[in-house]
Amino acid sequence: MDFNNLQSAWNNDKSENVVLPTNLEKLQSANTPLDKIRKNLKKEFAYQLLSIVLLGFIPVLYKFTPLVTTAFYGLFALFLVICGYFLAKLFLFYKRLNVANTNTKDNLYDTYFDIRLNMEMYKSFTYSVMPFALAFGVMIVLKDHSQLITDVILNKKSGDAIIAGLFGMFIGVMISAAFITEWWVNHFYGKYAKEIRKVIDELKE
Amino acid sequence: MKEKEQEFLSRIEQHKGILYKVSKMYMDNRDDQDDLFQEMVCQLWKAYDSFKGESQFSTWMYRVAINTAIVFLKKEKRKVDKYELVSENIKEEDCDAHIKESQIEHFYKAVQKLDKIDKAIIFYQLEGFSHREIGENLGISEGNARVKLNRAKEKLKEIIKNQGYGF
Chain Y
1 MDFNNLQSAW
11 NNDKSENVVL
21 PTNLEKLQSA
31 NTPLDKIRKN
41 LKKEFAYQLL
51 SIVLLGFIPV
61 LYKFTPLVTT
71 AFYGLFALFL
81 VICGYFLAKL
91 FLFYKRLNVA
101 NTNTKDNLYD
111 TYFDIRLNME
121 MYKSFTYSVM
131 PFALAFGVMI
141 VLKDHSQLIT
151 DVILNKKSGD
161 AIIAGLFGMF
171 IGVMISAAFI
181 TEWWVNHFYG
191 KYAKEIRKVI
201 DELKE
Chain G
206 MKEKEQEFLS
216 RIEQHKGILY
226 KVSKMYMDNR
236 DDQDDLFQEM
246 VCQLWKAYDS
256 FKGESQFSTW
266 MYRVAINTAI
276 VFLKKEKRKV
286 DKYELVSENI
296 KEEDCDAHIK
306 ESQIEHFYKA
316 VQKLDKIDKA
326 IIFYQLEGFS
336 HREIGENLGI
346 SEGNARVKLN
356 RAKEKLKEII
366 KNQGYGF
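Here the protein sequences come in this chain order: Y and G.
If you're matching positions, the first sequence starts at 1 in my numbering and goes up one per residue.
If you're matching positions, the second sequence starts at 206 in my numbering and goes up one per residue.
No lab work stands behind these hints: they were computed from the structure.
Even glycine gets a Cβ: it sits at the ideal position worked out from N, Cα and C.
Hints should not be assumed to be uniformly reliable.
What the hints assert, rightly or not - Examples of chain G residues toward chain Y, derived with CB under 8 angstroms:
#	residue
1	Glu218
2	Lys251
3	Leu278
4	Ile309
5	Phe334
6	Glu338
7	Leu354
Claimed, not checked - Quick list of in silico lysine-lysine cross-link-like pairs, DSS-like style, CA-CA up to 25 angstroms:
#	chain 1	residue 1	chain 2	residue 2
8	Y	Lys26	Y	Lys36
9	Y	Lys198	G	Lys358
10	Y	Lys191	G	Lys362
11	Y	Lys198	G	Lys280
12	Y	Lys26	Y	Lys39
Claimed, not checked - Anything over 12 angstroms on all C-beta distances counts as not near chain G; from chain Y, calculated:
#	residue
13	Asn12
14	Ala30
15	Asn31
16	Leu41
17	Lys43
18	Leu49
19	Ile52
20	Val68
21	Asp110
22	Phe125
23	Val129
24	Ile171
25	Thr181
26	His187
Chain Y with its partners taken away, still in its complex shape:
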């Protein structure tokens, strides 16, 4: 075989028996990195919305005092604003149509930066809501110790142990959350970015 023979065989490789799909509306795109990411995001949207609704019932579930309940819903309102902002951004990304009709290099860069942008947005979202989650956790832990807190505020008791405990909890939770977030984002989204990066590198001179 040489390239002339190959060219001739190539030209003779006919596609008469290939049947085109008849119903275009039924065609589902599901095998490109952006489609996979969209699929992951769709699942996560549902879980996140459910979690937000459930969080709103914490004061009822844990029988918070009126004072703590007011503080909780004050924070919860801020939490909702931040969630709304990031979920709207992620939703717009999810809906955006990626048209693959530019040249290959531009198309790969567009896809790569879309994935990276989504990853960074996802991480920012998690890190932004983490302090709120912590604050809600602290409220749950301290809800039965309101007398102790009053004593600390009124300087009747030293608050060092409580502050040290809260500080330790804050550091521990933030470090664990950072590890989990990085793993999660790299596992579910980073592998696609890596794959595209590899192809971009193949294009280099």
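Since the structure of chain Y is already known, use the hints to place chain G on it.
What follows is chain G alone, placed relative to chain Y:
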């Protein structure tokens, strides 16, 4: 069926050979080839509104098809059912057609071992694109396209030889 859909399908029908060949170059088993073929039709349909007729339909189609094939992800956990190199139904007397089919099947088998960009370059070359056109479609310079094409051809020759088929 809507007029736009009909127009799109008739245009694709005229050039479906492009999709058929791309799917055979990028996927090594029939199920994945079918999936890629469908994915390319789907991406072409999604992008159809962006086709303004400034270039030929086939030129636009090449780009979308290759871009889709390059980022296409195989379905996971599928039984690998590689297609037969030579069809059992080929008649003995149809010797020339038999040789050509055998050559093309060896080629498709060998080309699976190339990386995604090399596959695109070989594909464009076989479809009669010049170095400049290959460069334009891939977003690289003409010189780079020439160098990459020569390297891809060398790699392909080597693979075909290693498969025990003379080149």
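So, going through the hints one by one against the coordinates:
no.	hint	result
1	Glu218	holds, 6 angstroms
2	Lys251	holds, 6 angstroms
3	Leu278	holds, 5 angstroms
4	Ile309	holds, 4 angstroms
5	Phe334	violated, 13 angstroms
6	Glu338	violated, 11 angstroms
7	Leu354	violated, 11 angstroms
8	Y:Lys26 to Y:Lys36	holds, 18 angstroms
9	Y:Lys198 to G:Lys358	holds, 21 angstroms
10	Y:Lys191 to G:Lys362	violated, 32 angstroms
11	Y:Lys198 to G:Lys280	holds, 20 angstroms
12	Y:Lys26 to Y:Lys39	holds, 17 angstroms
13	Asn12	violated, 5 angstroms
14	Ala30	violated, 8 angstroms
15	Asn31	violated, 5 angstroms
16	Leu41	holds, 16 angstroms
17	Lys43	holds, 16 angstroms
18	Leu49	holds, 27 angstroms
19	Ile52	holds, 31 angstroms
20	Val68	holds, 48 angstroms
21	Asp110	violated, 10 angstroms
22	Phe125	holds, 25 angstroms
23	Val129	holds, 30 angstroms
24	Ile171	holds, 38 angstroms
25	Thr181	holds, 24 angstroms
26	His187	holds, 14 angstroms
Figure legend: structure checked against the earlier numbered hints; hints not met, in rising order: 5, 6, 7, 10, 13, 14, 15 and 21.
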